[in-house]
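Here's the letter readout for the chains.
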Amino acid sequence: MPDLERALREARPDWPRPSSGAEARARAALGLGPPARSPRAWLRPRGRSGARLLATAAVLATAGAAVAAALIGSGSSSGAPAGRPASLGFDAPRTVGRPASLLDGAPAVAVGGDGTVTVVWGRAGRIVASSRPRGGRWSPPERISDPARRAGHPRVGADGAGRVTVVWRERIAGRRVTERFRLPSGAPAGELTEVVDRRWAVVARSGRPGGGWGPLERLSAPTARVRDVEQPGLAVARDGRALVLWDDGGDVLARARDARGRWAGEVRVGGGGGEAVDPGLAMSPGGAAVAVWSNRVGGGAARRYEVRAAVRDRTGRWSAPAVVNEPWINPPHAAGAVDDAGDAVVAWGARGTLAAMRPAGGDWTAPAELAQASPVAIASAPLVGVERGGGAMVVGGNGVGAHRSRDGARWDRVALAPATGRRVGAAMVADASGGLVLARALSGPGRMLVERLGAATATALPAAGRPVMAAGPEGTLVVAWAGSGPAYPVVAAVAEGGR
Amino acid sequence: MTRRRTAAIAAAGLVVAALAATLLLAARDRDAAAGWGPPAEAPSGDAGWVDAAVDGSGRTLAVWAEERGGLSAVMASERPAGGGWSAPQVVLAPQRWRVMRPDVAVNARGDAIVVFEYVGRGSSVVLGAHRPAGGRWEEPRTLSRVARGPLDPLPPAVGPGGEAVAAWSAPFVERSGLRAAVQVATRPAGGGWRDPRPTGAFPHPPSGPRVALAPGGRAIVASPGGVVAVPPAGAPARLPRPPWHPRRVGTLAIATDAAGRAVVAWSEARGDGSEVVAASRLGDDGWGAPRLIDVAPSAPSVGSLQAARARDGVVVAWARWTERWTGVAVRAATLAGPELEGPAWTLDAFAIPDHRAGSSRSTPGPPPTRVVLPVDDAPGAAMWDRLTARAPAFAVRLAVAPAGDGGAWGPPDVLPGGPVTGAWPLAVGGGPTSLVAAWSRLLDPAGGPVRMVVSERGR
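Each protein sequence line maps, in turn, to chains A and B.
Using the working numbering, the first residue of the first sequence is number 2, and each one after it goes up by one.
Using the working numbering, the first residue of the second sequence is number 6, and each one after it goes up by one.
Do not take every clue at face value.
What the hints assert, rightly or not - Listed next, the stretches of chain A that the computed footprint assigns to chain B, with coverage defined by at least 3 CB atoms under 8 Å from CB atoms of chain B:
1) 175-183
2) 186-196
To be verified - Derived Cβ-Cβ restraints for the label pairs, each shown as a range:
3) B:A396 / A:E218: 56 to 62 Å
4) A:R423 / B:G423: 42 to 48 Å
5) B:A294 / A:R183: 43 to 49 Å
6) B:G205 / A:I330: 43 to 49 Å
7) A:S102 / B:R153: 36 to 42 Å
8) B:R153 / A:A456: 20 to 26 Å
What the hints assert, rightly or not - From the structure, some residues in chain B lie toward chain A, with a derived Cβ separation under 10 Å:
9) R73
10) G75
11) G87
12) S91
13) Q94
14) W102
15) V130
16) V151
17) G197
18) A398
Bear in mind the hints are in silico, worked out from the structure with no lab data behind them.
Just so it is clear, the structure is predicted and the values come from calculations on it, not from any experiment.
Even glycine gets a Cβ: it sits at the ideal position worked out from N, Cα and C.
Turn these sequences into a full structure, and let the hints steer you where they fit.
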């Protein structure tokens, strides 16, 4: 039974989703009652598996195959509505705007439930956004941050209704001082200028592309430490709930927003000695989340990085944070992923790439070494994802490849589409169907390979830069990067859902 | 009788052998038993930058930059030979601009200048302060114009009469490559600082241009691209083309001899792959024929080239590979007369941890050894470091050799106390009866506060 269940679950034809009426008729024909919580709650793995599969087989046998397969394939352990696999039929890359200030962080992208794609980036110390409705054209870049304040490191998310949320780091205070100097003769020697009494905070803004932006909202308390709130994390669920994460001294803090747009107070997710750095946030479609960061402890030759992780369940409760690694001398650039059940995975770089998994409510497994880098190399930041069905996927840097595991102890190598050249950047996202899509930017010659993990082939885009990627529930996929050249254009390639 | 005689002979033999071994060891190294006093730490607290200089009487002047409540200050303290450190004196009161690289120079009688850089939002400016021997520090003066990007101050110099020179180079890129625009500010003896004067732009070498002061206050700036004289007043003037190939020079050092003539020592890569150390003196008829002082079989082998005026001529010292990348020799020569005669001595030869380990380059460069010489006209000595452990917790042992008469050198003393983590030679010198060594020590080898330490022994 379990094998048949898995096989049926993994049948994911790209067929249209059934209407709620069609689903109701199918359920009535099968003698199934109305769903307890969601139209597809009966597809959850816990309980009634035998009856469910028999019902599925009966539907297939009665030529309701399209409805049945869609019902099965769109179900997920999340209870959240499932979506389409990401399309790989890309339009030609387009320049969305320029220039991108890479010192202010990489561009970020999101796809709303209506297929609208939004790209945000830092430009001359301000945050700008551009959007493209499904089938439409990119809007002129619009500044969305306060023109009087320096902002950077934006993140963007979009909900099922297409409402977009952007967060960034903003300098909310500072005073410019100038001193004029004179040479011994009295002749002017010029002036030095500095900004003092600086304070930074995490700021958010929400809106609907083309429909206006809401007010600026400050989410964090001001900090005077220049290294705090450096790269806030953001995750937005389809129902509009959101989670924001940032570092403050040795701690990592978060604030949650409900589906009605109300922000709750900040909570301390975790922390330790030293300085919390490199916070990362990932959220499942149903609202479970994992926060990963490092605490940089010790000094001098004794400096070490401790990778910490905490998991938030769908009710909003955070687990106690745990140190998952052997403290390491170099920045580990840890990343994590979680599914709706709360099963989480974290990966990080040390001498090679290591990973650990945590079943919901359980403990983290001992770190498993996926692959060793060369003795003198430092492993690059890994990419982490959770597949439909509960498998974890980790994609390491050059020479490490991709690995999959179900229990955190055994990791099996996964073949990627063949590629030549040196990898200069990569991104991975889970699409709405629960599959994982990987984009690799390669040099020699420059190109971007985009593939669905497990498929043998990849789509090649004719340009390369360190990519960011997002997938929408209706199958739209966007890859964006900052191009090279004197004007650092922001470039995006869109594959609309349904192709 | 025979047995007693045999025993006596054997005993005498043992004594002789022991004495010979002792003499050999003494010739090879002198250790803590040679009379170095315990290290005395300057009252610099947790400083960001430190520097030190020793005058001809053995008085040590330490300067440092320190942070107080977000403000930066420059402080100084002195220690006479055989004495203790003075309470810290304020050279620059706490102010908002970040202070970088305070550099101190003294002459043999104790006149001093300190030169440092302010940095603010991508711009920088050079300032300097003067203190006559036994006097008080004057208010720091702005010596340069504010520049975009870093200014790279050169080691300043104080002449025998109290005249002073500060110079800096601002790197810039043009089609021919990286170059440096060098400017000079001079201060005549008993007078005030003059506005800076440009001396031209040169190819930016690995070791940077160097400046020396001739008696009377004429400054001489040497770089691979040429040599420029800066008179106390008036426009700088290019001196005759020097006898080195501008694109083959590795490192430069310049001093003036007792007659005020510029003597430049340099390392130069040859077409056959070797590297030479040579010196030349600028006379009335131009540069003298280069005197070849040392030859290394491959380049780059020579580092930390230093020059200083001494009683017997101009002392030149350097470090070079004897065995790439594990064997180092410290060598010196006292060059006298128009022909720059004088033999080269090997002051020390030692092994260091493999310099290639952890390097991303296949040819790591010259030895990491730093050599320092006394100020002009001070009794001769040299100090250097022997690397004993590499980063992250690099450690060295410090060695000092006194110069004798006629350009000869005594055996080196290895300063007591074992390897010092994060140490860096700063200054050596002393009077006729004392030898003083000053060094900096990182509290944390990976960075952070620095302490300044001095030790002394009788000559």
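Verification of the supplied hints:
1. 175-183: holds (count 4)
2. 186-196: holds (count 9)
3. B:A396 / A:E218: 56 to 62 Å: At 46 Å between Cβs, range violated.
4. A:R423 / B:G423: 42 to 48 Å: holds, 46 Å
5. B:A294 / A:R183: 43 to 49 Å: holds, 47 Å
6. B:G205 / A:I330: 43 to 49 Å: Because 46 Å falls inside the window, the suggested range holds.
7. A:S102 / B:R153: 36 to 42 Å: violated, 19 Å
8. B:R153 / A:A456: 20 to 26 Å: At 52 Å between Cβs, range violated.
9. R73: Interface hint status for B:R73: violated (15 Å vs cutoff 10 Å).
10. G75: Interface hint status for B:G75: holds (8 Å vs cutoff 10 Å).
11. G87: violated, 35 Å
12. S91: violated, 28 Å
13. Q94: violated, 23 Å
14. W102: holds, 6 Å
15. V130: Hint holds; B:V130 Cβ to chain A Cβ min 6 Å, cut 10 Å.
16. V151: Holds, about 3 Å.
17. G197: holds, 6 Å
18. A398: holds, 5 Å
Hints 3, 7, 8, 9, 11, 12, 13, counting from the list given before, are not met by this structure.
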